[in-house]
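Colleague: Residue-level listing of the chains:
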Amino acid sequence: MASGKAVDAVYKVKIPAAAAKLRELYYMAHFMHSHTAHFYALAAPDFVVGPDAPPAERNILGLINKVGIDIGKEVIRQREITQLIQQMIGGRATHPVWNLPGGVTRALASEDLEKIKAFVPGLIQFGELGLKLFDDLVLKNKAYLDLILGDGYELVTNYMGLVDDKNRVTFYDGTVRVVSPEGAEIDRYREAEYLDHVAEHVEPYTYLKFPYLKKLGWQGFKEGSGTSIFQVAPLARFNAAEGMATPKAQAAYERLFATFGRKPVHKLMAMHWARLIELLYAAERIAELVKDEEILDPNVRVIPSTTPSEGIGIVEAPRGTLTHHYVTDSRGIVTRANLIVGTTNNNAPISMAVKKAAMKFVNARGEVKEGLLNMVEMAFRIYDPCFSCATHSLPGQMPITIEINNARGETIRTVSR
Amino acid sequence: MKTLVVGLGNTILRDDGVGIYVARSLAGCLRGAADVREAELAGLALMEMLKGYDRAFIVDAIQLEGEEPGSVFRMTPGDIRVTPRLASFHDIDLVTALELGKRLEFRMPREVVIFGVQVQDALTLGEGCTGPVSGVIPALVSEIAGEITGEAYERISIPLSDRRNAGA
Chain U
1 MASGKAVDAV
11 YKVKIPAAAA
21 KLRELYYMAH
31 FMHSHTAHFY
41 ALAAPDFVVG
51 PDAPPAERNI
61 LGLINKVGID
71 IGKEVIRQRE
81 ITQLIQQMIG
91 GRATHPVWNL
101 PGGVTRALAS
111 EDLEKIKAFV
121 PGLIQFGELG
131 LKLFDDLVLK
141 NKAYLDLILG
151 DGYELVTNYM
161 GLVDDKNRVT
171 FYDGTVRVVS
181 PEGAEIDRYR
191 EAEYLDHVAE
201 HVEPYTYLKF
211 PYLKKLGWQG
221 FKEGSGTSIF
231 QVAPLARFNA
241 AEGMATPKAQ
251 AAYERLFATF
261 GRKPVHKLMA
271 MHWARLIELL
281 YAAERIAELV
291 KDEEILDPNV
301 RVIPSTTPSE
311 GIGIVEAPRG
321 TLTHHYVTDS
331 RGIVTRANLI
341 VGTTNNNAPI
351 SMAVKKAAMK
361 FVNARGEVKE
371 GLLNMVEMAF
381 RIYDPCFSCA
391 THSLPGQMPI
401 TIEINNARGE
411 TIRTVSR
Chain A
1 MKTLVVGLGN
11 TILRDDGVGI
21 YVARSLAGCL
31 RGAADVREAE
41 LAGLALMEML
51 KGYDRAFIVD
61 AIQLEGEEPG
71 SVFRMTPGDI
81 RVTPRLASFH
91 DIDLVTALEL
101 GKRLEFRMPR
111 EVVIFGVQVQ
121 DALTLGEGCT
131 GPVSGVIPAL
141 VSEIAGEITG
151 EAYERISIPL
161 SDRRNAGA
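Just so you know, the sequences run in chain order U and A. Heads up, the first sequence is in our numbering, so the first residue is 1 and it goes up one at a time. Heads up, the second sequence is in our numbering, so the first residue is 1 and it goes up one at a time.
Among the hints, a few may not be true.
Each computed SDA-like pair below joins lysine to any residue, with the alpha-carbon atoms no more than 20 Å apart [what the hints assert, rightly or not]:
no.	chain 1	residue 1	chain 2	residue 2
1	A	102	U	65
2	A	102	U	58
3	A	51	U	70
4	U	73	A	104
5	U	222	U	187
6	U	73	A	106
7	U	66	A	105
8	U	360	U	404
9	A	102	U	69
10	A	51	U	74
11	U	66	A	51
12	U	73	A	105
13	U	215	U	193
Using C-beta positions, here's what the derived DEER-type ranges look like [unchecked claim]:
no.	chain 1	residue 1	chain 2	residue 2	range
14	A	54	U	149	45 to 55 Å
15	A	65	U	183	29 to 39 Å
16	U	329	A	27	36 to 46 Å
Rather than coming from a laboratory, the hints here were simulated on the basis of the structure. Please read all numbers here as calculations on a predicted model, not as lab measurements. Backbone N, C-alpha and C define an ideal beta-carbon position, used for all residues, glycine too.
Pulled out of the complex, with its shape left as it was, chain A reads as follows:
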């Protein structure tokens, strides 16, 4: 199965870079089991990137009200209205991007999983994540690597639907 990992973010806006840092760690440990890319933008550019893959994992920063920084939410493309980069009105959203790819007869991933990491500070200019977000990166890297390679891992992500059901 041809797999792509995309880390989205901006490494000079503190926790906004978390997706990039996760991607960089994965690039070093996947040993060719998946392609790993870094990107700053979603929309049409992301659709072009996903072409030709069977499965994709996307890691992005997220800011949900009332959640602890460093919490990781597991989402489907249908959930993406909660991550601004994947639901920008300056470009097409991820659902539309995936549909567009299929409509244009490109081979698009059958499975797309989005990991959203709750940020503490994604607006201050600066490199490196805050403590709670940095702290979760190794476990998230292990979870994504485990999903790709089939090796054992501890799941730390919470399905977004569970959060909604909890009424948080």
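The following block holds chain U by itself, in its conformation from the complex:
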């Protein structure tokens, strides 16, 4: 979606309203499928099976053993439906060749719209099911609630997210808004201005960069008031916004902040809760979009007539604010490109959150708590990072090793999988 918006900008073309609505409809289904996979397959086993359970049990199979086959089947079914919706709209659920400069390749068929409409009640119920499960399995479990509210998973930074004209969370189009650790708006920009607001710090040990707020300057891996580091992704979006644009998601949004008793929320485990609320929001937004008669308008593309040059597109991806910036020659061939993906934006926060969790779960004598590796991995997993997208590295396994150093910097113990 970010690349689609960027090439619209490269060709300086405003896409038809129906094309924008179709892109958003596709994108809401994508959000649902992505958030479903992350919560049920990757995150929930930590809570439901237990953070220190053996990895062989701490997976979606262990989750199904706890919650039952019927819920497992429903997860698979609704995920399949969201993939099908994407396929109906864009031809393919993954890597669609459908977004073009000026709009999309094809209009939505009325029979496909009717099929999507029939899925809507189930999608909304599925969104509500996720929140009920989180309530029953996590919030009502004192040990997990303590884990969420404790200081092992906490990071105090600025927060970034795309908002609409009422400062509500939006995914496909809007204005980037940044709030301080205290919740005050400290920055706001549109796509074309991003280079004036965000810069990327480089460290010699990694080729993954560390974005920060340009006007505050790079201040190192420092959290707290005045830091230039910001977080993105579901909880950051909630902190950066003032509400949700759909009623059920808005009620859940209010409940989340009421539970923590403050805004912004710095407790990282709330990210999972926010992700589930976004899943419900996406379902409600699908319900709104399929009722919009304009979505069947056959006018879904404006043929570009200007000479291409340069363009920037920004969306909220499931993993956070995503920026694509292309410079092309007069034929439209890309000569320079810069992508700042969600995981890149969260690179510094992930590094800091992992370090804090590791220090929390190792005592002064270098003794480690049961399940240390997973407790540290959980700080990483919160962000649903895609390091293969951010670094193009695919090691095929979680390459996690923890070295415990004494005060002299000598390694006294190494723990690895």
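With chain U held as given, fit chain A onto it using these hints.
Modeller: Relative to the frame of chain U, chain A by itself:
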């Protein structure tokens, strides 16, 4: 026996597309003896794809240290930690996907064979495979087609366990 062939890969990353090219060739020669699909992702999506089949053949790119490009390794789901797409920590791995399907009472394949083709270059943006990988595609297509139809073929794949035993 209801059989599915899945070609995994990305055709704009040179040899990473080998699974897709093998699947496309098979689609043209199996004459309905098996269903053939192309896919970019594994995990839950692959589990959904395998539902309802008795047997599945999966073809994917592989990068093992010290192996010649174009070598073909024959694997079981238990071997999949060597292919990144089938063992991503961004999704569930193939063993878990198959177990999940069974646990949810779906009919899942009793036999799953994975062919991993050693790549020369799977990181450069470009269509079409390198010479050594392109060169092995016809023989691999013949082997998979032979397994499905029962027609004679020359086996070129090496069981991954043999490679391990050789200490390569």
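Colleague: Does each hint fit the structure? Answer for all of them.
Modeller: Going through the hints against the structure:
no. : hint                     : result
1   : A/102 - U/65             : 13 Å, holds
2   : A/102 - U/58             : 18 Å, holds
3   : A/51 - U/70              : 17 Å, holds
4   : U/73 - A/104             : 6 Å, holds
5   : U/222 - U/187            : 19 Å, holds
6   : U/73 - A/106             : 9 Å, holds
7   : U/66 - A/105             : 16 Å, holds
8   : U/360 - U/404            : 12 Å, holds
9   : A/102 - U/69             : 11 Å, holds
10  : A/51 - U/74              : 15 Å, holds
11  : U/66 - A/51              : 23 Å, violated
12  : U/73 - A/105             : 9 Å, holds
13  : U/215 - U/193            : 13 Å, holds
14  : A/54 - U/149: 45 to 55 Å : 50 Å, holds
15  : A/65 - U/183: 29 to 39 Å : 51 Å, violated
16  : U/329 - A/27: 36 to 46 Å : 38 Å, holds
Comparing the model with each earlier hint shows violations of hints 11, 15; every other hint is respected.
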